[in-house]
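2 protein chains.
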Amino acid sequence: METKRALEGVKILDFTRVYSGPYCTMLLADLGAEVVKIEAQGRGDDSRNFYPVKNGVSGYFTYLNRGKKSITLNLKSEKGRQMALELAKWADVVVENFSAGTIGRLGLGYEDICKVNPRIVYASISGFGQSGPYSRKAAYDGIAQAMGGMVNLTGYPDQTPVKVGPAISDAATGVHAAVAILAALWHREHTGEGQYIDMSMMDTVFSFLENSVPIMTMMGINPERLGNGNPGSAPYNLYKCKDGMIMIATANNSLFTRLINVMGQPELIEDPRFATNPERKLHEHDIDPIVEAWTMQHDAAEIEKMLDAVGVPVAQIKTVEELIDDPQLNQRDMLVEHDIPGVGKVKYPGNPLKLQKTPPVTNRRAPLLGEDSEQILKDILHCSDEQIVELREEGIV
Amino acid sequence: METKRALEGVKILDFTRVYSGPYCTMLLADLGAEVVKIEAQGRGDDSRNFYPVKNGVSGYFTYLNRGKKSITLNLKSEKGRQMALELAKWADVVVENFSAGTIGRLGLGYEDICKVNPRIVYASISGFGQSGPYSRKAAYDGIAQAMGGMVNLTGYPDQTPVKVGPAISDAATGVHAAVAILAALWHREHTGEGQYIDMSMMDTVFSFLENSVPIMTMMGINPERLGNGNPGSAPYNLYKCKDGMIMIATANNSLFTRLINVMGQPELIEDPRFATNPERKLHEHDIDPIVEAWTMQHDAAEIEKMLDAVGVPVAQIKTVEELIDDPQLNQRDMLVEHDIPGVGKVKYPGNPLKLQKTPPVTNRRAPLLGEDSEQILKDILHCSDEQIVELREEGIV
Numbered sequence: 172m173e174t175k176r177a178l179e180g181v182k183i184l185d186f187t188r189v190y191s192g193p194y195c196t197m198l199l200a201d202l203g204a205e206v207v208k209i210e211a212q213g214r215g216d217d218s219r220n221f222y223p224v225k226n227g228v229s230g231y232f233t234y235l236n237r238g239k240k241s242i243t244l245n246l247k248s249e250k251g252r253q254m255a256l257e258l259a260k261w262a263d264v265v266v267e268n269f270s271a272g273t274i275g276r277l278g279l280g281y282e283d284i285c286k287v288n289p290r291i292v293y294a295s296i297s298g299f300g301q302s303g304p305y306s307r308k309a310a311y312d313g314i315a316q317a318m319g320g321m322v323n324l325t326g327y328p329d330q331t332p333v334k335v336g337p338a339i340s341d342a343a344t345g346v347h348a349a350v351a352i353l354a355a356l357w358h359r360e361h362t363g364e365g366q367y368i369d370m371s372m373m374d375t376v377f378s379f380l381e382n383s384v385p386i387m388t389m390m391g392i393n394p395e396r397l398g399n400g401n402p403g404s405a406p407y408n409l410y411k412c413k414d415g416m417i418m419i420a421t422a423n424n425s426l427f428t429r430l431i432n433v434m435g436q437p438e439l440i441e442d443p444r445f446a447t448n449p450e451r452k453l454h455e456h457d458i459d460p461i462v463e464a465w466t467m468q469h470d471a472a473e474i475e476k477m478l479d480a481v482g483v484p485v486a487q488i489k490t491v492e493e494l495i496d497d498p499q500l501n502q503r504d505m506l507v508e509h510d511i512p513g514v515g516k517v518k519y520p521g522n523p524l525k526l527q528k529t530p531p532v533t534n535r536r537a538p539l540l541g542e543d544s545e546q547i548l549k550d551i552l553h554c555s556d557e558q559i560v561e562l563r564e565e566g567i568v
Numbered sequence: 172m173e174t175k176r177a178l179e180g181v182k183i184l185d186f187t188r189v190y191s192g193p194y195c196t197m198l199l200a201d202l203g204a205e206v207v208k209i210e211a212q213g214r215g216d217d218s219r220n221f222y223p224v225k226n227g228v229s230g231y232f233t234y235l236n237r238g239k240k241s242i243t244l245n246l247k248s249e250k251g252r253q254m255a256l257e258l259a260k261w262a263d264v265v266v267e268n269f270s271a272g273t274i275g276r277l278g279l280g281y282e283d284i285c286k287v288n289p290r291i292v293y294a295s296i297s298g299f300g301q302s303g304p305y306s307r308k309a310a311y312d313g314i315a316q317a318m319g320g321m322v323n324l325t326g327y328p329d330q331t332p333v334k335v336g337p338a339i340s341d342a343a344t345g346v347h348a349a350v351a352i353l354a355a356l357w358h359r360e361h362t363g364e365g366q367y368i369d370m371s372m373m374d375t376v377f378s379f380l381e382n383s384v385p386i387m388t389m390m391g392i393n394p395e396r397l398g399n400g401n402p403g404s405a406p407y408n409l410y411k412c413k414d415g416m417i418m419i420a421t422a423n424n425s426l427f428t429r430l431i432n433v434m435g436q437p438e439l440i441e442d443p444r445f446a447t448n449p450e451r452k453l454h455e456h457d458i459d460p461i462v463e464a465w466t467m468q469h470d471a472a473e474i475e476k477m478l479d480a481v482g483v484p485v486a487q488i489k490t491v492e493e494l495i496d497d498p499q500l501n502q503r504d505m506l507v508e509h510d511i512p513g514v515g516k517v518k519y520p521g522n523p524l525k526l527q528k529t530p531p532v533t534n535r536r537a538p539l540l541g542e543d544s545e546q547i548l549k550d551i552l553h554c555s556d557e558q559i560v561e562l563r564e565e566g567i568v
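Protein chains in written order, with this note's numbering: chain W, 172 to 568; chain L, 172 to 568.
Only chain W is shown next, with the shape it has when bound in the complex (with noise of 0.2 Å):
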């Protein structure tokens, strides 16, 4: 018996490239939607050649874009825009991350799919947004993450900033994009009524910003970076210890307590300094060192043992490969394993939508450049074995 799906039935035409918009339709494939990924003829998603590449196969692209079909396209021809117009018939969603105006450049905006099928969800995502004074500003993660304000909160405070490493502007773009797509169908199954999404990578940066919003607008304070402090809480920081670093995480009496009582140093509850958070907060270039240089007598393993067992937010800081190899995400699934041609057997993350009826089907490797062109024509268009012929001659496919 074939696993139920959440989504089985949803249609999805994806132009997406690189990260975000393949990220959103990635967790939508997992959960069951038929995800058909229109690939520039000839030349494919440029993610196919990011890095890592082993034997001319990214692992960038074939982490993204499992569970989808692939066929290519020259959306530049009058035949393979006519051809993308009679897949959106097909569709229930379209999905695109060109550059803003772009797609509507090639005639396959939501004004031209809306002419064909009505009813259509479909969702741009772009760097900032269709419409506005940035629209028209090239974008990369690092651009989005600097104009949305995540890169000045980031960092140490007395260095210059850092962008969060992984390119998270793409991700989380990608994920709220799920969201929008999901209500709008969602909205369609009531009404009968399609819509436009217009994501922008900026805004949703902007989203992400925790309280600093109202810390400006409430206070007139503009918040700083804090390294791996927090803004109300102390001792909340990264610590050096025997072989390496650990994270302490307090953030109220009754934590600071189990931890001084583990440092052996119960006494400290009654300097006046550290009696309280806020005092601890108002007197953590105090506190810190003191529980620096407990930490340092010992291995990370060790203090997080110690700290686990009396409920201490404590955490190793991971390194990926020491992930690969997590009892944790491991037992939840979040390793998969796919054997891809001419690279062999390769590890990516999971999906984190636990659904427990429905759970995500993660074991679909990531299409080869075109693998499903010919499926797609016969199944969908009614192509005959002549026309695909004569497609692929004349370069269209």
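Just so you know, the hints here were simulated from the structure itself, not pulled from any lab data.
One or more hints might be untrue.
Treat identical chains as interchangeable: a pair holds within one or across any two.
[Stated by the list, open to error] List of simulated lysine-lysine pairs, DSBU-like, C-alpha gap at most 35 Å: (1) Lys260 - Lys175; (2) Lys549 - Lys225; (3) Lys260 - Lys528; (4) Lys528 - Lys182; (5) Lys452 - Lys476; (6) Lys247 - Lys476; (7) Lys452 - Lys411.
Here the structure of chain W is known, so what remains is to put chain L in place on it, guided by the hints.
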């Protein structure tokens, strides 16, 4: 005429506190879901005391709880528990983010709710998920970031790692939970079947690592943090300029050529070290100082203008204070102002889910503690005035 909203009619019973859960239900409330937030009788959501606080009102809470209704309930009393079960009969969705196992001990876990409402979609959010070796481990955002691999990948290569400033593991898990809930609702609409969703902050952080996992599993390279650099491209960095810093990102010859033309050094492309993107990445330590020697001669705004004009990705490092007045964010309704009782007018981030026909509604301020208790007791639980007086006297509400 009232604005149509996508999730009109969806009823959510919200046990969430602080950040991850409230971010999830805020997104859904803005889209039109009716969210009834249960807060601890007498005390409320812990984040009602979280920084920033002015005149006893938290900007942390009021940002994340707009558009929701608040009822207080003593969940440790049997009567309070029974009332929560009655509310769960009314609801389509339950969301909670207590530490793993806590709500089950209150007699309000998935099995308990299922007995009174078998069609419920029930989402739990926790640090590490409901089962597995870490499930009882204490979690704050920094802990989840460290355990999920984000901290080790953020910061400068020659310095200690640094967590992302804002608590992105909370926000990312909240928005992923919203995807899971909407997918489960879709499934229920088509099959009648509700289900349980088990979200983990560590899972979502791990899912946000871009290409880091395949770098390890395909190439055998344990990825390291790169500061503001990019693993595959150069020049791509944060550069000092006359009045601060500027981020410039090029990833191919077209962008690089445009950059060096603006710099007045078109001959650089003829230097074999800088002839291709892979060569430039290899000689990053040669090209970055050349770019910085140029940026140092100009103000950030001036550089942005010159590079925007030729389509080279460029960004100033925006502070929150600057973003409050940002023309793009303001044009896109990404700043909303609420009149908060006891505080006055405060601006918050808007909602990035830009559905065009059913736009998010963000103009309803967060509720006072228990502000909607009476209405909910009457309309949903059909209590009489006498019963309400009694419940208040008994400290249940």
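Hints, verified against the model:
1. Lys260 - Lys175: both (26 Å within a copy, 26 Å between copies)
2. Lys549 - Lys225: Result: close within a single copy only, 32 Å intra versus 64 Å inter.
3. Lys260 - Lys528: Answer is both; intra-copy 31 Å and inter-copy 20 Å each pass.
4. Lys528 - Lys182: So Lys528 and Lys182 pass the 35 Å test inside a copy (21 Å) and across (21 Å) alike.
5. Lys452 - Lys476: within (25 Å within a copy, 42 Å between copies)
6. Lys247 - Lys476: between (60 Å within a copy, 31 Å between copies)
7. Lys452 - Lys411: both (19 Å within a copy, 32 Å between copies)
Comparing the model with each numbered hint stated earlier shows that all of them hold.
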